[in-house]
Amino acid sequence: MSDTITLTFDVLLSAPSERVFKAITEGRHLERWFCDACESEAHEDGRLTMRWHRLESTSWPYEATWTEFTPPSHCACIGGHQGYPNRDAGRIDFDVEAREGGATLVVRHSLPDLPEYAPHAEQYRHAWPRALARLKLYLSPTTREQS
Numbered sequence: 001m002s003d004t005i006t007l008t009f010d011v012l013l014s015a016p017s018e019r020v021f022k023a024i025t026e027g028r029h030l031e032r033w034f035c036d037a038c039e040s041e042a043h044e045d046g047r048l049t050m051r052w053h054r055l056e057s058t059s060w061p062y063e064a065t066w067t068e069f070t071p072p073s074h075c076a077c078i079g080g081h082q083g084y085p086n087r088d089a090g091r092i093d094f095d096v097e098a099r100e101g102g103a104t105l106v107v108r109h110s111l112p113d114l115p116e117y118a119p120h121a122e123q124y125r126h127a128w129p130r131a132l133a134r135l136k137l138y139l140s141p142t143t144r145e146q147s
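All residue numbers for the sequence shown refer to the working numbering, where the first residue is 1 and numbers rise by one.
Misleading hints may appear alongside valid ones.
[Stated by the list, open to error] Beta-carbon label-pair distances, calculated as ranges:
no., residue 1, residue 2, range
1, Leu114, Ser14, 15 to 21 angstroms
2, Trp60, Thr142, 31 to 37 angstroms
3, Asp3, Pro119, 16 to 22 angstroms
4, Asp88, His53, 37 to 43 angstroms
5, Ser140, Pro115, 38 to 44 angstroms
6, Leu137, Glu97, 19 to 25 angstroms
7, Ser140, Thr4, 18 to 24 angstroms
8, Leu137, Leu114, 18 to 24 angstroms
9, Pro129, Ala98, 20 to 26 angstroms
Derived from the structure by calculation, the hints contain no laboratory data.
Where is the CB? At the ideal position from N, CA and C, for every residue including glycine.
Produce the entire structure from the sequences given, and follow the hints as far as they go.
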C-alpha cells in the first residue's frame, strides 16, 4: 500500500502561463474563482489563508505555507484546518506549462493513505474539477479583469 493518495487533474486554459500562475497564487485572483476571502504571501515560505462563507462550507480557515514557488511554472503548498486529521489537508502541487494559445495547468493533491482521509479524498475527486471549471471561466478571453 502506498503511503499517499495522489489525485491528479489537468486543464487547458486560454491564458498565458504568467496569468495562470497569478490566478492560482494571488489572493485577489483566488477570491474570484476559488474561495470567498484570501490572503496570500505569494513567495516560497509565504502564508496562504483562505476562507469560505457559504452555508455548506467549513467555518475554519484553510491555513497553508507555500513550500515551493517558481513563477510561472510551479508552486506547492501544505496546509489544513481543524476539520482534517492533525490539521493536515495534504500537499497541493500546481504545474503550469505554456502552450500555443494558453497554458496547461496540472494539479496534484496528495493526502496520507489512511482510512480517516478517504472521505476527504472522495470530496476532492469531485471538488477539484468544479474549481478548475471556474478557473477556466475566470481566465477565458471574455473575462474583463486582467492581471
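Status of the hints after comparison with the structure:
Our hint of 15 to 21 angstroms for Leu114 and Ser14 is violated, since their Cβ atoms are close to 39 angstroms apart. Range check, Trp60 to Thr142: Cβ separation about 34 angstroms, and the 31 to 37 angstroms hint holds. Taking 16 to 22 angstroms as the suggested C-beta distance range, the pair Asp3 and Pro119 conforms, at roughly 18 angstroms. In this structure, Asp88 and His53 break the distance hint of 37 to 43 angstroms, their C-beta atoms being roughly 24 angstroms apart.
In this structure, Ser140 and Pro115 meet the distance hint of 38 to 44 angstroms, their C-beta atoms being roughly 40 angstroms apart. The beta-carbon spacing between Leu137 and Glu97, approximately 20 angstroms, falls within the hinted interval of 19 to 25 angstroms. The hinted window of 18 to 24 angstroms between Ser140 and Thr4 is violated, with their beta carbons roughly 33 angstroms apart. Checked against the given bound of 18 to 24 angstroms, the beta carbons of Leu137 and Leu114, roughly 35 angstroms apart, lie outside it.
Separation of Pro129 from Ala98 is about 23 angstroms and conforms to the stated range, judged on CB atoms against 20 to 26 angstroms.
Hint check: violations occur at hints 1, 4, 7 and 8; the rest are consistent with the structure.
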